Amino acid sequence: MENLIALLVAAPLLGAAVLLVGGRRLDRAGHWLGTLLAAASFVIGLVLFASLLGKDAEHRTLVQHLWTWVPVESFRADVAFRLDQLSVTFVLLITGVGTLIHLYSVGYMAHDERRRRFFGYLNLFLAAMLILVLADNYLLLYVGWEGVGLASYLLIGFWQHKPSAATAAKKAFLVNRVGDIGLSIAIMLMFTTFGTFAFGPVLTSAGDASEGRLTAIALMLLLAACGKSAQVPLQSWLGDAMEGPTPVSALIHAATMVTAGVYLIVRSAAIFNGAPDAQVAVTVVGAVTLLFGAIVGCAKDDIKKALAGSTMSQIGYMVLAAGLGPIGYVFAIMHLVTHGFFKAGLFLGAGSVMHGMNDEVDMRKFGGLRKYMPVTFVTFGLGYLAIIGFPFLSGFYSKDAIIEAAFAKGGTQGWILGSVTLLGAAITAFYMTRVMLMTFFGERRWQPDADGHDPHPHESPTTMTIPMIVLAIGSVGAGFFFHLGDRFVHWLEPVTGHSEGDSPVGVSVITAATLVCLVVGVGIAWAMYGRRAVPAVAPRGSLLTRAARRDLLQDDFNHVVLVRGGEHLTRSLVYVDHTLVDGVVNGTAAGFGGMSGRLRRVQNGFVRSYAVSMFGGAALLVAATLLMRAV
Amino acid sequence: MNPVNYLYLSALLFTIGATGVLLRRNAIVVFMCVELMLNACNLAFVVFSRMHGNLDGQIIAFFTMVVAAAEVVVGLAIIVSLFRARHSASVDDASLMKL
Amino acid sequence: MSFPLLTATAALPALGAVATAAVPASRRSAAKWLALLVSLATLALAVVVLVRFDPDGARYQLTESHAWIKNFGVRYELGVDGIGVALLALTALLIPFVVLAGWNDADPLETGSRRWRPTQGFFALILAVEAMVIISFEATDVFLFYIFFEAMLIPMYFLIGGFGDRAHEHGEEAAATQRSYAAVKFLLYNLVGGLIMLAAVIGLYAVAGNFSLTEIAAARANGSLHMATSTERWLFLGFFFAFAVKAPLWPLHTWLPNAMQESTAPVAVLITAVVDKVGTFAMLRFCLQLFPEASRWATPVILVLALISIVYGALLAVGQRDIKRLVAYASISHFGFIILGIFAMTSQGQSGATLYMVNHGLSTAALMLVAGFLITRRGSRLIADYGGVQKVAPVLAGTFLIGGLATLSLPGLAPFVSEFLVLVGTFARYPVIGIIATFGIVLAALYTLVLYQRTMTGPVKPAVASMPDLKARELLVVGPLIVLLILLGVYPKPVTDIVNPAVKQTMSDVHRTDPKPAVEASK
Amino acid sequence: MSATAQLAAYTTSTGEAFQFWVLGTVAVIGALCTVLMRKAVHSALCLAGTMIVLAVFYLANGAYFLGVVQIVVYTGAIMMLFLFVVMLVGVTAADSLKETIQGQRWLALLCGLGFGVLLFAGIGNASLTQFAGTGRANANGNVQGLAALIFTKYVFAFEITGALLITAAVGAMVLTHRERTERAKTQRELAEQRVREGKHLPPLPAPGVYARHNAVDIPGLLPDGTPSELTVSRTLRERGQVRDVSAEALGDLKALEQRAEERLDRTRIEPPHPRRTEEASK
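Residue numbers (my numbering), protein chains in the order written: chain A, 1 to 631; chain B, 632 to 730; chain C, 731 to 1253; chain D, 1254 to 1535.
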């Protein structure tokens, strides 16, 4: 059974290799090949899942050792996969959602002449993501970690002829690299602390290490997670990443890749458990991002960027939950999975809208689309209800659990985190309602696009609607399914551990408060965008709105401090290298040149001049001889 | 008078000849100054011969004369051909090595 | 006596060089084919060496030893250890690609000219460099090594000064001037280094009485050859200076950008991927073995210089406007990593550094050769002259991207393994330096991606609109390199298995052991 | 012989002392004149004088053979050779004594002075009081003594100097002799060449201006009064011995016309420049 794990990775990897190397002759069938291989991977995942279910809870870990990768004395990295409850959850999410999005892309990218390449990249992403979650050691995880970064880079910049896409791709990769520093250093620290970086030994012996070292490792892991999961302060790339095709946004920048940070933290639970200071940092990061993303989401008129803000905010929830320790790990993952369903669904819905609207993304130019795109409207609506936490839908269970866990942290910390999560829920309800109202309700505000074509909104083809419907089903039912009998908690407990905190208030009170927040959020949104007509041109807005439109000035800060500063630094260094370092050398050379030029003048070519020096020399010799005799 | 005075005279003539070599530009005159230096040496040799009471010094002076004759022959030939080529007997004009 | 395999490996390209140079002027393509065949035959010999080499056997294998200059105890002594054999294989592997990539680089400008000899010269010089580099990797006699270490400069000088890119932004005359400037700069820098080394070599002879690396190292190890501390340090510095110039280490690096910028892409690969490796290789083999105490003494300063090289090289690469200069500064950054790994004095660091030499050879070759194809097509080295190439020549852009990703050490490609090993090895002993060096990976991503973005993406510039994609010959050059990069990234064990025992030896030479993990140490 | 006895003494006879001081002065003056004379001929003559004095000194020091050789070979042959060359190069050409190389004169004098001082100091320092004299060495005759040495002890050197002399003679011939590498051009070919080159088709103009200046070194005047170098032989031109008389000739012409005017009682004009006549008669 273990031997299947490698196939899980191999299938999409094969697809990527064939599609990217195969060339034009695969143009006609390549996308189906990619979809098929993704589906194959999903099937293998299901088989493995079934086999895990067949074992008792304590032995649900399969390890497949493939080959020794880098052996240098005590440094040993293996290519080995570990499949346990946590990773199989991810495997199913990744391959499942991945397959759906492959299917969706068949329709969405139908008119793109480079569709084969797109599917190659998607397959590459799947393979990398699977390596990330299946790796048995941190170094192999790092491979997957950067692999998804590469795939993300390639896919964000898929429409390379657009300079904005190329820039966004580069930015995403670079910001991720900053996070990668964290992962690198964390691995090095593990090596110097434990002498290994395989999950098994590191996590079991984490208790032997000093708290200082554990805190250092944990903080470095947090830095890595921030980069990959677009958490403050490394969140700036996610909004720009929406330059990529929408399926990419759905798969990579909503459902899977951006949650890798959460995976990393939950996987390293043993380390974080031993470093309370680092956990506080994690919750702070989560809480700040939660609000940050939500506020940004409120102000964006670009439907994808609004959803991106939402993603950031929801991942903030997960990170916050992961920072809570054993009381939160399970719920972080649960929210991750349900979020995977509804956010992917929302993005696919947004893609469907754009597909029908000549790739328009400005919500102010939508309006009243529910009549023209019924399937999209329904699926998007269900996803919307799920994300705002409408009772008995997925988001209701997973988000509620996180809010409860935040309160359960106890003490002042618990109150602060709980309030933040409640506030976040209200804002979520607000901005999602805003998106919903601006897109599907109100009067039509369509305008001809740049080429003068009037949009003719229409429902998308079947290949696109089927994935949306499936995801909508997931958004509706997953939460209830997981919640029933605490199935999910029991499933993950052996890996992450679980403990009930002592909540200062009752569960029902929190649920009620959440619902109140929800109603308030929806109400305000309806008052602002439902009752009144939405202006086609964005009003100036308050200072906060304007700041939020610009991602709360984070980019401007980066631009001024890092980009400008870096440019000045490199430019002055180029100058220094040319004038100072090279100048010293060239100066020495010029010095010798000048000296010999002057010495050359002595050689004036006149025999008599030479005769004088000879005669002088002879005189000196005579003098020396006489002196020698005298002495 | 001490015969050493011959040696002083020889030194004086030699110095005058050497200075002449350095000062004059006409190749012929330079050559003459060289001859003067050779003659000054010859005088010294002859005086040495007297000093030591054997004829070796005179022999050396004799050889010097022979060599000087050969040198003059070749040297003057060079001067003549130089003059033919450059229409000048100035040593300063033969300064191809100058800047 | 067995067949002198190592001599043959070096002699074959040397004879090939002579034969190539002797090909008549009218038979240019014969010279090219001959050079290619010779380089492939050398590769075959190198493979035989690789197979015959037993990683767990004696330290130096396939040894040959003959008296040469008896009066000074100079011997013709060859032998390879794991490090040498790895680099030997790398050199033999890269040369066929260099030859193939430079196939048309030395052709006459007018098709009609029959009396054109430089083509023959170009390929003969490449083979000559190969022969000298190979013998440098094999020599276990300090004097023998020195001779070829220096002699290498002669063919390199002519390759840099004589053959440049056809196109130049300021015209042919300016190109010739800058070429000769670069060549002279290359020569002078390396000559100065070599002269200082010569003094140290003579000094070593004065102290030790012979030139044999194995004998001196053995005598140093068992204490029969005592060196005063100051003597050892001076001699070490003499050797190290020459190697640092060759490597090149900051601040002795400025010859490299000029040389790589002005030479053709294959020659640039020859410089940075092959010739410069002799410098770092020699640090491992000569500096550490002959002067262990002094090496440890100088470690802090060298590590800081290497660190500066890493960050400085990367920052300057970001600021470049010329594709080749950018690659050159990136190489300086990478050489910083190699030197860092060598002097971190941990198994991981040194194995990583050796692996890095191999991987850097492959990755730079891939990136630089594709860049060369690009430059040949457009006739400009300036980044600003490109844009949107991806659209018109996707294969070229794809291979360029893979080369770039290898340069920024993407996991899954070969350089990642070595870079990480170097970082871990450094971090284990010098955490602060390790952390700062880690920042190099962000800068590497920056310069690579900026280069890719500006040249390959965006709207198609009119000047590149009709650019053809890679031809069969060019694919033949790039394809195998990329396959190797992926292969060694996924499965580097064959190389590490060869290198590890040699590194273990070197570690014991300098009396250093790896630091113990904290948890284990506390128990 | 009283002369030999005297020669063996520590001091010389008064006669010799007198001879030394008188002739020594002459020798030094001759040497100085050699260096300082502007014309090479004068230098050569002064040098010859110095050499003769030296010959006398040789005789006084018992080197009879050398004394004679000095006069016969040196003064008689070598100096004559010098004079011949001087004639070839141009007897009248006087050197400018103006120094052209910066600092050369001072450096030369400094070196000379320093060297002289050193030599004098060296000689003075050496304790040269013992003079064996040549009496015994010359007992069988000076020439015989020399011959005995030359043909025994110095025979190899002698042979080699012989070879040297022959080589020098051959060398001088090689250096000065110019081999004709091509056939001399005939009169006809020369004329054709002139026509082809298109210059000086007619014979070169003749030198001389009016009847009073028909010397070959005076260029003929062009109609505007400027001298034409072409009219003077090339050898003279190269030696720089062309006499420029154009201004002078014009002046003369003017004076002639004036005198004619005076004869005809025209206006009186100041007399011609007096220097003119001297120059002309030179």
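Incorrect hints may have been included.
Below 20 Å or equal to it, Euclidean Cα-Cα: the simulated SDA-like pairs (lysine to any residue) are [said to hold, decoys possible]:
1. Lys162/A - Pro1192/C
2. Lys1246/C - Glu73/A
3. Lys1223/C - Val43/A
4. Lys800/C - Ala904/C
Hints are computed from structural coordinates only; laboratory data are not their basis.
Predicted, not measured: the structure shown is a model, and the values here were computed from it.
- request: Compare the distance between the alpha carbons of Lys1246/C and Glu73/A with 20 Å, and conclude whether the hinted pair is satisfied.
  value: 12 Å, holds
query: Quick one, are Lys1223/C and Val43/A close enough, alpha carbons at most 20 Å?
result: Not OK: Lys1223/C and Val43/A at ~33 Å, beyond 20 Å, violated.
message: Given the hinted pair Lys800/C and Ala904/C, is their Cα-Cα distance within 20 Å?
response: 50 Å, violated
- request: Below or equal to 20 Å on CA atoms is what counts here, so check Lys162/A against Pro1192/C.
  value: 16 Å, holds
Against the hints set out earlier in the document, violations occur for numbers 3, 4.
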